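S.K.: Protein chains in written order, with the working numbering: chain A, 1 to 621; chain B, 1 to 67.
The set of hints was computed from the structure by calculation and includes no laboratory data.
The structure displayed is predicted, hence computed values, not measured ones.
It is possible that some hints are incorrect.
Below, computed lysine-lysine pairings styled on DSS-like, alpha-carbon distance capped at 30 Å [claimed, not checked]:
| no. | chain 1 | residue 1 | chain 2 | residue 2 |
| --- | --- | --- | --- | --- |
| 1 | A | K196 | B | K25 |
| 2 | A | K422 | A | K400 |
| 3 | B | K54 | A | K146 |
| 4 | A | K135 | B | K25 |
| 5 | A | K146 | B | K24 |
| 6 | A | K126 | B | K54 |
| 7 | B | K50 | B | K25 |
| 8 | A | K135 | B | K24 |
| 9 | B | K25 | A | K237 |
| 10 | B | K3 | A | K71 |
| 11 | B | K25 | A | K126 |
| 12 | A | K129 | B | K25 |
| 13 | A | K135 | B | K54 |
| 14 | A | K126 | B | K3 |
| 15 | A | K135 | A | K237 |
| 16 | A | K71 | B | K24 |
| 17 | B | K54 | A | K129 |
| 18 | A | K400 | A | K146 |
| 19 | A | K135 | B | K50 |
| 20 | B | K50 | A | K126 |
| 21 | B | K25 | A | K71 |
| 22 | B | K3 | B | K50 |
| 23 | A | K36 | A | K129 |
| 24 | B | K25 | A | K146 |
| 25 | B | K54 | B | K3 |
| 26 | A | K135 | B | K3 |
| 27 | B | K3 | A | K146 |
| 28 | B | K24 | B | K50 |
| 29 | B | K3 | A | K196 |
| 30 | B | K25 | A | K572 |
| 31 | B | K24 | A | K126 |
| 32 | A | K126 | A | K71 |
Okay, here's what each chain looks like letter by letter:
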Amino acid sequence: MRILGLSFGFHDAAAALLVDGHVVAAGQEERFSRIKHDATFPRMSIDFCLRQAGIDLNDVDHIVYYENALKKFDRIVWATSIRQPPKPQAPSTFSSKLRSLIAPKRGEHAENIPRYLHSVTHSWFKWDKFDIVSKISAELGVPREKVSYVDHHDSHLAAAFYTSSFDRAAIVTMDGVGEYETAVIAVGDGTSIERKLSINLPHSIGLLYSAFTAFLGFEVNEGEYKVMGMAAFGQPKYQDEVRKLITLRDDGGFEIDQSCFEFLTPTTLPYTEEFVRRFGAARVPESEFATQRSDLPDDVGEAEADEILSSSRHYADLAASVQLCTEELVLHLVAKAASLAGTRNVCLAGGVALNSLANGRLIREGGYNLFVHPSAGDAGNAIGAAASYHHRIAGQARMKSFDSPYLGSPLDETDIRQAIEKSGFDELIECDGDHVLAERVAGYLADGAVIGWVQGRAEWGPRALGARSILADATNPNMKRIVNERVKFRELFRPFAPAVAIEAARDYFEFEPDMRTDAPEYFMLAVHPVRVDKMSVIPSVTHADGTARVQLVSALSNAPFYGLLKAFERRKGVPVLMNTSFNLRGEPMVDSPRDALRTFSISGIDYLVLGRTIVTSRVSL
Amino acid sequence: MDKNSPELTATTQAEVLRLLERCKKEGFDHAARFLFRHNQEIVEIGIAAKLEPKARDLPSPFVYSMQ
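Make a model of the complete structure from these sequences and hints.
M.R.: Here it is in structure tokens:
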């Protein structure tokens, strides 16, 4: 059975193709359109999935959308009515008597529609969101009967559990909001998922974190990981203040004090004046952030530096506080879920599951066997929707567990040749075999070069895992600044993650590596402490609080990348490399050789590796 | 097509009616009430939206898109 899952219309559009219970391809539209968080109909992702499987739309048995659009609209109307109570309304029965009483006469309006709801309604008509089945049917030219939808958190639950290797597990989904739900606790067993608890808007961990993200001057749905990074520079001085906003319930649920937030009908900012009264003025977006003088640009004077350092400490303390409280909330939800399921196996999805600090604590302190869907946000719901239909509607056998995040575009030799030819780069080195390539690139890295590394199929999810990565020497103490400043053009405080050969992981980091190749560390989704004696060995990937978002690499998980780590170890004695996504600030990760060459040409990357071809930074004029 | 096109008006009216029926059938009472009480204004919004060029109106980058 061939099922196409789709996610689009809000943020992070994506498509995924499930063939007989096996995910054969999954792609996020932004990688093809080159528009970050592209939400439009994922036509290019669909084309890619079909091409990858060698089929066309006629061969697809069913198409599933990732949420219930009309239920979401119902929630938006409800939320608006909470904020702006309407005049007395007719009950839902709509008797003819009531109909005549409240129906507007021709040419007049019963009452004004609140501005927020007016704007949403307008947008939904404009983008055909009300009747999603008709939209998909029309866009793809397929019969309506071939198209259906599942609820938003059902997609998350399916993405979390069915793609895991667990027969039975607790499942926790957490995000901003789906239709009404913001978090769900469920138990997965074989092909069934049984919901145990739902938390609805306005109580939302995702929105709580987003509100602080906006307050700290970062874009929502984009800057949350910057808050995580910022947290390391602070102390959780405001943890009591933030905790006051959260009530943990005995049943595993929680409530968020709404006095500080605008979660129901947000238009400009998601926090209130009361929030500002408690936590001070918001950080100005794009303003400098540094907690030590050496992290500031050289042209900043002493007085300005003092001011930046002082305000930065305040914001870092706030970031540390909301991060700590978020971790407590996640631990609370997962503890209840595990207790209900009677197992330490736990599956997570939803955007909050990308909180790698919380995931690290779940593993180390909770002792859970964790699976986090690598594309835990809404893009991942393309797989989730297809998986939900496969099991719960089509009644098929349990799908194949998810052992590889490399589900995206393959690297095609012809594309490489054509892209290089058009680019003007003419100094090429062809390597005869992976071993030769690894040895040569390891030599460049050891000499201080920054490498653009493009190998095999692209990653599924937001993390670069050695398929579309920028790599550098983790032992070089200057490398963090070099890559932030000269290569990715981003904030100097931003940390970088290490990739480590599996057998050396416990020598460098304080956690017990899981042998499951779908453990979060293979997808770079958990933060662990760097061993004290190794912090000075790998300074460019050791964050301010002595932690790192580790990626485990084995010969099984990614052979060329593992070979490179081992070759680097032979040069420098350290099987650890700095690994960051191959993109520039504000851009999606590169996908094709052409994308990679473009980014290479405008950044400070020294060598670009496309398969077994090395491109140097010289261009013929 | 312009905003006074009888065809566009009829199509949009029919669409709103279908939505209303679906909301009632599926128990989405809030949406159903809204579509019922503001029927004519919603049709007008729908017509205006359908005639608008499809350039995406980006929400504030500092607000979670809940739409």
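S.K.: State for each hint whether it applies.
M.R.: Status of each hint after checking the structure:
no.	hint	result
1	K196(A) / K25(B)	holds, 26 Å
2	K422(A) / K400(A)	violated, 41 Å
3	K54(B) / K146(A)	holds, 27 Å
4	K135(A) / K25(B)	holds, 20 Å
5	K146(A) / K24(B)	holds, 24 Å
6	K126(A) / K54(B)	holds, 7 Å
7	K50(B) / K25(B)	holds, 26 Å
8	K135(A) / K24(B)	holds, 21 Å
9	K25(B) / K237(A)	violated, 51 Å
10	K3(B) / K71(A)	holds, 29 Å
11	K25(B) / K126(A)	holds, 24 Å
12	K129(A) / K25(B)	holds, 18 Å
13	K135(A) / K54(B)	holds, 15 Å
14	K126(A) / K3(B)	holds, 14 Å
15	K135(A) / K237(A)	violated, 50 Å
16	K71(A) / K24(B)	holds, 11 Å
17	K54(B) / K129(A)	holds, 13 Å
18	K400(A) / K146(A)	holds, 23 Å
19	K135(A) / K50(B)	holds, 14 Å
20	K50(B) / K126(A)	holds, 5 Å
21	K25(B) / K71(A)	holds, 12 Å
22	K3(B) / K50(B)	holds, 9 Å
23	K36(A) / K129(A)	holds, 21 Å
24	K25(B) / K146(A)	holds, 21 Å
25	K54(B) / K3(B)	holds, 16 Å
26	K135(A) / K3(B)	holds, 22 Å
27	K3(B) / K146(A)	violated, 33 Å
28	K24(B) / K50(B)	holds, 24 Å
29	K3(B) / K196(A)	violated, 49 Å
30	K25(B) / K572(A)	violated, 68 Å
31	K24(B) / K126(A)	holds, 23 Å
32	K126(A) / K71(A)	holds, 18 Å
Hints 2, 9, 15, 27, 29, 30 from the list above are not met by this structure, while the remaining hints are.
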